[in-house]
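Read off the chains here:
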Amino acid sequence: MKQEYTITVYTENQVGLLNRIAIIFSRRKINIESLNVSPSEAEGIHRFTIVINEFEEVVRKLCRQIERQVEVLKAYFNTGDEIVWQELALYKVPTDEVAEKLQVERLLREFGARAVVIRKDYTIFETTGHREETDKLLAVLAPYGLIEFVRSARVAIIKASNGFHEKLKEFEAVEPASELIENEFLNKQAEVFSM
Amino acid sequence: MMQAELTKPSLATPQHPIEISGSQAVLEAFIAEGVDTIFGYPGGAIMPIYDALYDYHERLKHILVRHEQGGIHAGQGYARSSGRTGVVFATSGPGATNLVTGLADALIDSTPLVCITGQVFAHLLGTDAFQETDIINITTPVTKWNYQVTDATEIPQVLAKAFFIASTGRPGPVLIDIAKNAQLQKFSYTGYTKCDHIRSYRPKPIVRKSYIEEAAALINEAKKPFVIFGQGVILGRAEEEFKAFIEKAGLPAAWTILGLSALPTSHPQNVGMLGMHGNYGPNVLTNECDVLIAVGMRFDDRVTGRLDKYAKQAKLIHLDIDPAEIDKNVKSTVPVWGDCKETLPLLTALVHEKKHTNWLQTFHNYTREEHEIVINQELHPASGEITMGEVVEALNELTKGDAIIVTDVGQHQMVACRYAKFNESKSNITSGGLGTMGFALPAAIGAKFGAPHREVVAIIGDGGFQMTLQELGTIMQAQVSVKMLILNNRFLGMVRQWQQLFHDKRYSFVDIQSPDYVQLVKAYGIEGNSVDDRKNLKEALQKMLDSKDSYLLEVMVGKEDNVFPMVPQGCSVSEIRLK
Chain A
2 MKQEYTITVY TENQVGLLNR IAIIFSRRKI NIESLNVSPS EAEGIHRFTI
52 VINEFEEVVR KLCRQIERQV EVLKAYFNTG DEIVWQELAL YKVPTDEVAE
102 KLQVERLLRE FGARAVVIRK DYTIFETTGH REETDKLLAV LAPYGLIEFV
152 RSARVAIIKA SNGFHEKLKE FEAVEPASEL IENEFLNKQA EVFSM
Chain B
52 MMQAELTKPS LATPQHPIEI SGSQAVLEAF IAEGVDTIFG YPGGAIMPIY
102 DALYDYHERL KHILVRHEQG GIHAGQGYAR SSGRTGVVFA TSGPGATNLV
152 TGLADALIDS TPLVCITGQV FAHLLGTDAF QETDIINITT PVTKWNYQVT
202 DATEIPQVLA KAFFIASTGR PGPVLIDIAK NAQLQKFSYT GYTKCDHIRS
252 YRPKPIVRKS YIEEAAALIN EAKKPFVIFG QGVILGRAEE EFKAFIEKAG
302 LPAAWTILGL SALPTSHPQN VGMLGMHGNY GPNVLTNECD VLIAVGMRFD
352 DRVTGRLDKY AKQAKLIHLD IDPAEIDKNV KSTVPVWGDC KETLPLLTAL
402 VHEKKHTNWL QTFHNYTREE HEIVINQELH PASGEITMGE VVEALNELTK
452 GDAIIVTDVG QHQMVACRYA KFNESKSNIT SGGLGTMGFA LPAAIGAKFG
502 APHREVVAII GDGGFQMTLQ ELGTIMQAQV SVKMLILNNR FLGMVRQWQQ
552 LFHDKRYSFV DIQSPDYVQL VKAYGIEGNS VDDRKNLKEA LQKMLDSKDS
602 YLLEVMVGKE DNVFPMVPQG CSVSEIRLK
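In order, the protein sequence lines correspond to chains A and B. Per my numbering, the very first residue in the first sequence carries number 2; after that it's consecutive. Per my numbering, the very first residue in the second sequence carries number 52; after that it's consecutive.
Just chain A, with the same shape it has in the complex (with noise of 0.2 Å):
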């Protein structure tokens, strides 16, 4: 069954690496949903963070396409219940309807938002959190003139990760530590090896 799943991938910060990455996805023809690269817990190190609707089998083959890369370190894969994930909101509305036909107060309590900016001519409010809540204050705001709307993309923590730091230090390493694990995906599936 195809579903959503969030690729996590520690790289150098390499001009063209985004390109070698991004490749891999288009010449499979699979879209990506979401694509958002940002420094990581490590020094030096680069988080890419991509979204797509895909199949494990498929998206196991596309992690290790990706780690092929020479600049890149690792990826992983995960659904969404096993990361936490949040996207930012933007939207920018005339300030007289809005303060006028809306309860600006209610608003802001009960989609968690804030106001970034305040004119006379208009209004940005901000609001982080999964796609459905951002997408519930559009609806909300969007018969009131609303002038612009933009939406970052997901950023995501993945819940039993340790972090990069110990990993990066047996990447660094001449000779890889022997516990170093080579094949975690593999290991997962322990029915595979009923011998």
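Keep in mind the hints are simulated off the structure, nothing from the lab. Some clues are possibly wrong.
List time: in silico DSS-like cross-link candidates among lysine-lysine, alpha-carbon distance up to 30 Å [stated by the list, open to error]:
1) A/Lys3 with B/Lys379
2) A/Lys168 with B/Lys451
3) B/Lys599 with B/Lys589
4) B/Lys255 with A/Lys168
5) B/Lys212 with A/Lys62
6) B/Lys451 with B/Lys472
7) A/Lys75 with B/Lys212
8) A/Lys3 with B/Lys363
9) A/Lys170 with B/Lys255
10) B/Lys212 with A/Lys168
11) A/Lys75 with B/Lys379
12) A/Lys62 with B/Lys379
13) B/Lys382 with A/Lys30
14) B/Lys360 with A/Lys30
15) B/Lys392 with A/Lys75
All figures in this text were calculated on a predicted structure; none of them were measured in a lab.
Based on the hints, put chain B in the right spot on chain A.
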């Protein structure tokens, strides 16, 4: 003072930092990496490097090709015959884009290459300058790694990384694009240090003992174990380890076309070729074995045929250095990640000594049947037109299996791979994964430079030869001895065969005319001959082989001969057709 040093360069580890140009740093890197031959073509954006090369010509041989595609295929041929990294120069723009086919070919066939392209001045990047092209982004999908240099100080480290990445792990092509200003820029050079570690790149996965043990247990319990091997054995320089493994466990072994020559043809456990035009037994018995042991191969669709009917009954042990290949096409029971040079001896130590005589006999029975229905007629026809198979067989008798055979793509390639005999590894050079017509002639030139003491015979179809025949000029000028054997059937034979079998004989644009090849090579000062009569064939081949210089022999073969056996596309390997 500096000038004297620079014209006779020996800068490997200068005592004090010295001023050199980026171009000199490139050539110093080559010397430190043991490069002896460069295939290339100059142009505006790579002129500073060529200018520096003028002073290095005694230490670096440069072969001027006639087209950059020829240059990169020559680099591939060099790499495949020598086991070393091929090096190619091209200029920016069209020079660089002409490399793309060769890069794709080298990537899919895991050939180590370092290609240097010139680029416009850094301040002109993105301005649509003369001969500017975004070669980094164009080549990203077809390189193992690529990098653009805009500052000369980066050159020593970047080239060290390039050679390390190209040649280690699963080898592949690397492209380094160097802006003209960086080639010209002088900088303080402190010497060249080879790269042996990149933190984000681990060429070899760690060998897991438990998988070796599980694999050995499966092999020891197997009644009908079957080994299929690919180029990984050659790239890992593990021919001896492989032989020891199959000999101890008594395993029949079949090869992919890139694995060909890793195990001598005459080895009693070599049961033949896999895949679409492979041998009868190896294909049918893939679906009868109980344990399938894949060594350094990647289950290409031309090998597996229909995947959902491929070796479903067997437990699969897959040895590969590239983790992405494990479970990519065929699910493994036990994945043995690692370099087969390391994993095979570990496995050999744990497997029991066995013979599997009856099982091996099953393969021989199929071989006998294939001989009766296909091979005898192909290799020893009594009458009719000359067959491709009998040419290859006659060549075998004369070379005794000692020649390097370079093939192009198509029917002649399948026939040559099926019937050519090999004693030595790295003797079969062909475009396997990409199927690049026009590969053979330039690759044969490179192969001869990579293995100068060996006889190199390029077997080429009349279609493929016409794709890169400009490289006759390279042969003429470089005075390299390449034997060109054109098997001319006056058709684009493989496409014609498919049109005959699957498109009701609608021969759509496969009828191809040829020039007079003997006259053509004569214009390049190369001797040639053409035969169409069986009784002159051996003598003509002997004359070709006896020639000290390059020589072209055209053999007119059956116009509508087909290559059999054949696993039709979309069929299971069990459904292989003998006629």
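Pair hint A/Lys75 and B/Lys212, alpha-carbon separation not exceeding 30 Å: 20 Å, holds
Holds or violated: B/Lys599 to B/Lys589, with C-alpha atoms at most 30 Å apart: 18 Å, holds
Pair hint B/Lys451 and B/Lys472, alpha-carbon separation not exceeding 30 Å: 8 Å, holds
Agreement of B/Lys255 and A/Lys168 with the hint, judged by alpha carbon distance not exceeding 30 Å: 17 Å, holds
Restraint status (C-alpha distance of B/Lys212 to A/Lys168 at most 30 Å): Roughly 22 Å separates the two Cα atoms, so the pair holds.
Proposed proximity, B/Lys451 with A/Lys168 (alpha carbon, max 30 Å): 54 Å, violated
B/Lys360 paired with A/Lys30 [C-alpha distance capped at 30 Å]: 26 Å, holds
Pair hint outcome, B/Lys212 versus A/Lys62 [Cα-Cα no greater than 30 Å]: Given that 30 Å is the threshold and the Cα spacing comes to 27 Å, the pair holds.
Holds or violated: A/Lys3 to B/Lys379, with C-alpha atoms at most 30 Å apart: Between A/Lys3 and B/Lys379 the Cα gap is close to 18 Å, so the pair holds against 30 Å.
Holds or violated: A/Lys62 to B/Lys379, with C-alpha atoms at most 30 Å apart: With Cα atoms ~7 Å apart, A/Lys62 and B/Lys379 stay inside 30 Å; holds.
Holds or violated: A/Lys3 to B/Lys363, with C-alpha atoms at most 30 Å apart: OK: A/Lys3 and B/Lys363 at ~25 Å, within 30 Å.
A/Lys75 paired with B/Lys379 [C-alpha distance capped at 30 Å]: 18 Å, holds
In terms of the numbered hints stated before, the structure departs from hint 2 and from no other.
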